[in-house]
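There are 2 protein chains.
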Amino acid sequence: MVPHLITALTGPINELEQRILESLPAIERWFRLEWMEHTPPFYTSVDVRNAGFKLAPVDTNLFPAGFHNLTVEMLPLAVQAAMAAIEKICPEAKNLLLIPELQTGNTFYLMNLQRLMQIFHQAGLNVRLGTLDESVKAATAVELPDGSSITLEPLLRTRGRLGLKHFDPCTILLNNDLSGGVPRVLDNVHEQYLLPPLHAGWATRRKTNHFAAYEEVAKKFAKLLGMDPWLINPMFARCGEVNFSDARGTECLQTNAEALLAKIKRKYKEYGISEKPFVIVKADSGTYGMGIMTVRDPKDLAEFSPKARSCMSVTKDGQQVSEVILQEGVPTFERVNDAVAEPVVYMIDRYVVGGFYRVNAGRGIDENLNAPGASFVPLAFAEAHQLPKPGVKPGASAPNRFYMYGVIARLAMVAASYELEATDPNAEVYE
Amino acid sequence: MVPHLITALTGPINELEQRILESLPAIERWFRLEWMEHTPPFYTSVDVRNAGFKLAPVDTNLFPAGFHNLTVEMLPLAVQAAMAAIEKICPEAKNLLLIPELQTGNTFYLMNLQRLMQIFHQAGLNVRLGTLDESVKAATAVELPDGSSITLEPLLRTRGRLGLKHFDPCTILLNNDLSGGVPRVLDNVHEQYLLPPLHAGWATRRKTNHFAAYEEVAKKFAKLLGMDPWLINPMFARCGEVNFSDARGTECLQTNAEALLAKIKRKYKEYGISEKPFVIVKADSGTYGMGIMTVRDPKDLAEFSPKARSCMSVTKDGQQVSEVILQEGVPTFERVNDAVAEPVVYMIDRYVVGGFYRVNAGRGIDENLNAPGASFVPLAFAEAHQLPKPGVKPGASAPNRFYMYGVIARLAMVAASYELEATDPNAEVYE
Numbered sequence: 001m002v003p004h005l006i007t008a009l010t011g012p013i014n015e016l017e018q019r020i021l022e023s024l025p026a027i028e029r030w031f032r033l034e035w036m037e038h039t040p041p042f043y044t045s046v047d048v049r050n051a052g053f054k055l056a057p058v059d060t061n062l063f064p065a066g067f068h069n070l071t072v073e074m075l076p077l078a079v080q081a082a083m084a085a086i087e088k089i090c091p092e093a094k095n096l097l098l099i100p101e102l103q104t105g106n107t108f109y110l111m112n113l114q115r116l117m118q119i120f121h122q123a124g125l126n127v128r129l130g131t132l133d134e135s136v137k138a139a140t141a142v143e144l145p146d147g148s149s150i151t152l153e154p155l156l157r158t159r160g161r162l163g164l165k166h167f168d169p170c171t172i173l174l175n176n177d178l179s180g181g182v183p184r185v186l187d188n189v190h191e192q193y194l195l196p197p198l199h200a201g202w203a204t205r206r207k208t209n210h211f212a213a214y215e216e217v218a219k220k221f222a223k224l225l226g227m228d229p230w231l232i233n234p235m236f237a238r239c240g241e242v243n244f245s246d247a248r249g250t251e252c253l254q255t256n257a258e259a260l261l262a263k264i265k266r267k268y269k270e271y272g273i274s275e276k277p278f279v280i281v282k283a284d285s286g287t288y289g290m291g292i293m294t295v296r297d298p299k300d301l302a303e304f305s306p307k308a309r310s311c312m313s314v315t316k317d318g319q320q321v322s323e324v325i326l327q328e329g330v331p332t333f334e335r336v337n338d339a340v341a342e343p344v345v346y347m348i349d350r351y352v353v354g355g356f357y358r359v360n361a362g363r364g365i366d367e368n369l370n371a372p373g374a375s376f377v378p379l380a381f382a383e384a385h386q387l388p389k390p391g392v393k394p395g396a397s398a399p400n401r402f403y404m405y406g407v408i409a410r411l412a413m414v415a416a417s418y419e420l421e422a423t424d425p426n427a428e429v430y431e
Numbered sequence: 001m002v003p004h005l006i007t008a009l010t011g012p013i014n015e016l017e018q019r020i021l022e023s024l025p026a027i028e029r030w031f032r033l034e035w036m037e038h039t040p041p042f043y044t045s046v047d048v049r050n051a052g053f054k055l056a057p058v059d060t061n062l063f064p065a066g067f068h069n070l071t072v073e074m075l076p077l078a079v080q081a082a083m084a085a086i087e088k089i090c091p092e093a094k095n096l097l098l099i100p101e102l103q104t105g106n107t108f109y110l111m112n113l114q115r116l117m118q119i120f121h122q123a124g125l126n127v128r129l130g131t132l133d134e135s136v137k138a139a140t141a142v143e144l145p146d147g148s149s150i151t152l153e154p155l156l157r158t159r160g161r162l163g164l165k166h167f168d169p170c171t172i173l174l175n176n177d178l179s180g181g182v183p184r185v186l187d188n189v190h191e192q193y194l195l196p197p198l199h200a201g202w203a204t205r206r207k208t209n210h211f212a213a214y215e216e217v218a219k220k221f222a223k224l225l226g227m228d229p230w231l232i233n234p235m236f237a238r239c240g241e242v243n244f245s246d247a248r249g250t251e252c253l254q255t256n257a258e259a260l261l262a263k264i265k266r267k268y269k270e271y272g273i274s275e276k277p278f279v280i281v282k283a284d285s286g287t288y289g290m291g292i293m294t295v296r297d298p299k300d301l302a303e304f305s306p307k308a309r310s311c312m313s314v315t316k317d318g319q320q321v322s323e324v325i326l327q328e329g330v331p332t333f334e335r336v337n338d339a340v341a342e343p344v345v346y347m348i349d350r351y352v353v354g355g356f357y358r359v360n361a362g363r364g365i366d367e368n369l370n371a372p373g374a375s376f377v378p379l380a381f382a383e384a385h386q387l388p389k390p391g392v393k394p395g396a397s398a399p400n401r402f403y404m405y406g407v408i409a410r411l412a413m414v415a416a417s418y419e420l421e422a423t424d425p426n427a428e429v430y431e
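These protein sequence lines map, in sequence, to chains V and R.
Just so you know, we're using this note's numbering here: the first sequence kicks off at 1 and counts up by one.
Just so you know, we're using this note's numbering here: the second sequence kicks off at 1 and counts up by one.
Isolated chain V, as found in the complex:
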C-alpha cells in the first residue's frame, strides 16, 4: 500500500526516489563505510515527513517503543538484526535485562515490551524486566489484553553489577528514555554493557545536537547524490533560556522564528512551492509529543495564549522547558484513508527492520501527529528490499518509496551516532 500523496507524481521527491534507487549500491556502500567509523545506536526509530517537495526526519528516538505496531512478517528481520547486535556486544551473553518506562498502566506500551522480549528471546537470550519503580518490591505479573502477562521485577544492585534476583545479565537494555534524569541505580555500571548509553537519555540529549549532526550527514549524503541537502534536511535554530510560564526568552524565540521563516520562504521561492511556511517550536530535550507548537507568524510568540503556555510549559515527567528548538515545519502530504499520516521507521543495529504509518484523522498537515487520536498502519517494509526496480514509475511503488524512507531514517541514525560520540562524557578515555 502506498498512501495517497496529494502532490503530483513529478515533484522533487519523485526525482529523489529515482536517484536513490539508481544509486542503491553507492548508498549502501556509503552506509557501510560510515559504520566502519561509527557505532550505530542499539535501536532507533525515526519519524519521517514527506512533503512531496521535501522529505526529512523530524524526530529520532533512541529508546523506541511501538515495536508491537510492526507486522509479524517483519519479526524475522528484527530477530536477525538483534542477533547481529548481540553478537558484536556480548556474544557469550545468556541473559538480557530490559529496563522499561514506568507506564505499566499503558496497555500499548506493555505490548511493545512483550514484542521486544520476544525479539531478544528469539535472538537467543533469556530476557527479564527490571523496573525503576521502587514501589515494586517483588516479582509482579502485569496482564495484557490477550490474557498473557509479563513480569516486572525489582532491580538488584551490587557494588559493580546490576541485575535481578538470580539473574545476572551481560547486557542491560534501556527502553526508558531517562526524561526524569538518571536514577542512582544506573550509576557506575561498568562491568556490564548498559545500552543505549546514559547520555543518550533525555537528561543529557538535545535535539539541536542531533539536528546539527544530521545537517552534517545530510550534506555528505547530498554530495554523494549531487543534490541540494535542503531536500532532506529540516533547518533549525535554538533558544537556550525560555520560560513559558513567565514569557522569559520570548525575544529570542521571535527573532529566530522570523529568521527561520524567512529562510524557508527563500527556499520555497527557489523551488516554486506555494505552501505557507511554518516553524515547529518544541522542547530541546524530551519526548512523547508534549510541548509542541506550530508557528506560522512570529507574532504568535509575542504574547503566549494561556493554552500555549499550559501546553508548552511542562513536558514528560514534569520537566520545566528552558531550552527550545525551532525547527522548519515539514508538512506531511501523505494520507491514509483521508487522515494525515507520517511514516515511522524502526531500526535495530544498522538494519531497517520495519515501520508503520502514524495516522491522525484529527490533526492537520502542519501539526504533530503523535497525539491523542493517533493510530498505526504497518508499512510493507518486508517487501522493501524485494522490488526496487528502476522500471517502476516514481511514487507508484510501495517498496521503492519505503526503501527511500529507510535511507532517510538511516541518515538520521548515522547522525545519532555522530551525536552520541560528540556528547560522550567518557570520550577522552578513548582518545
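Calculated directly from the structure, the hints in this document are not laboratory data.
As the structure is a computational prediction, the values presented were derived from the model and not from experiment.
Every clue listed holds true.
Which copy is meant is left open, so a pair is good if it fits within one copy or across any two.
Lysine-lysine pairs mimicking DSS-like chemistry, simulated, CA-CA at most 30 Å apart: (1) K223 to K94; (2) K219 to K94; (3) K94 to K220; (4) K220 to K88; (5) K165 to K223; (6) K276 to K265; (7) K276 to K223.
Based on the hints, put chain R in the right spot on chain V.
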C-alpha cells in the same frame, strides 16, 4: 503449511522439537560461541530428512543454487544476511564478481543467478557475471522466461587480479562447485577475496570429511541438549578405491554396507523402529544427484547390474567414481500432496534465510529426490522466528518445525566450517 508426517505426533522427533524449542536461548548462544571460533561458509544449503524417529542432514552444498525457489517474502532476510557477510569480508567493496556454473542452457539455474544478483545488488554491490566458459569472448546476454536477461562476460585475468573488462571486484563469489577441477584462471588469486575458498570445491572436498565433522558437531550439540546424537546424525563409512565399471573395490563396499546395516539395525531395535534399514551409496565428491544408489542388502553390491553401473560410474562433468561414501539411509516420511518431500534449508553467512520442500512424486521414501520430476514448495521460514511458543503441540506448528530444521541445517553449516578449516591447504600460514 506443515506437510503431513506419516508418523504419529508422539515420536522422538516431536520430543526433539519440544526440547529444541525449550532450549532456544541456549541453542542460539551455542551457535554464537561456535561462530566466535569458526568462520561460517559464505552461503550454504542443506538437505534435511525427517524420518519421524530421526532428523538428519544428508547433503551440504557450499555452492548452493535454487535461490529462486525461496519465496520473495524471504528476500529481505537474505539481503540483510548478505549485508552482514559483505561487511565482514570487504566493507569498502563496490563490485562483486559472480562466477556461475556452465549450465547456461538451464533456465532454472539462470533464475537462481538472477536472484543471487538481486540479493547482492540490494545489499549494495554492483554485481556482474564472469563465466568460466572460454568460448564466451564478449558480453553475451542470455534470456530468461520472463523476458528479462542476464549478461555473461569473459573473465579477464591480470597478474594478481581477476575481473571483467572495466570491472575490478573486491570479492569473487563462486557459484560453481568446481566438480571439473580448479580452472587455471582461478589459481593464485591472492589480492582479492575468492569465496567460497577453492578447497570447498568438489575437486578437493569429500563428503566423508564433512560427515566426520558433522558427527563431532552432533555429539557436542547432543550433549548440550542431553540426547542421543544418533537422533540427528547419519552414520557412514568410506571405501577409497572403487571402480564401478570393472567392479573393483566391491569387497570393501559389501563389508562396509553389512557393518553399517547391522549398526542401523541395532539402533532401530533400541528405539523400537520397525522400518527396514538401508544404506545410500554415493560418490564421496560430487553433486547433482547423480551416482546415488539405495542398498537394502549387501548382496546387491556383489554383482552390479548394468543399470547400477551406468548410474554410478559417471558423475557430473564426467568424473570417474573412485572414492565412495556409504551413508545410513534416512527415510523421509514427509509428504506434500502425497508426494515424498524433504526440506532444503538456505543460509547466507550464519543466518537461515529461507528454504523449500523438494518434492518428487515419482520417488520412494528411501530414494534420492534430487532427480528428474522434482518440484519445489517454499517453506514458510519467514514465520519461523515468529511463533516458536512452547504451548503449541509438537509437530503441529509450521514455525516450530521449521525452526528445528533451521537448527539442524546450521549444525551442518558448523560442520562445514570445521571441515574447511581441517582441509585448508594454507592452514599452516595461520598457525
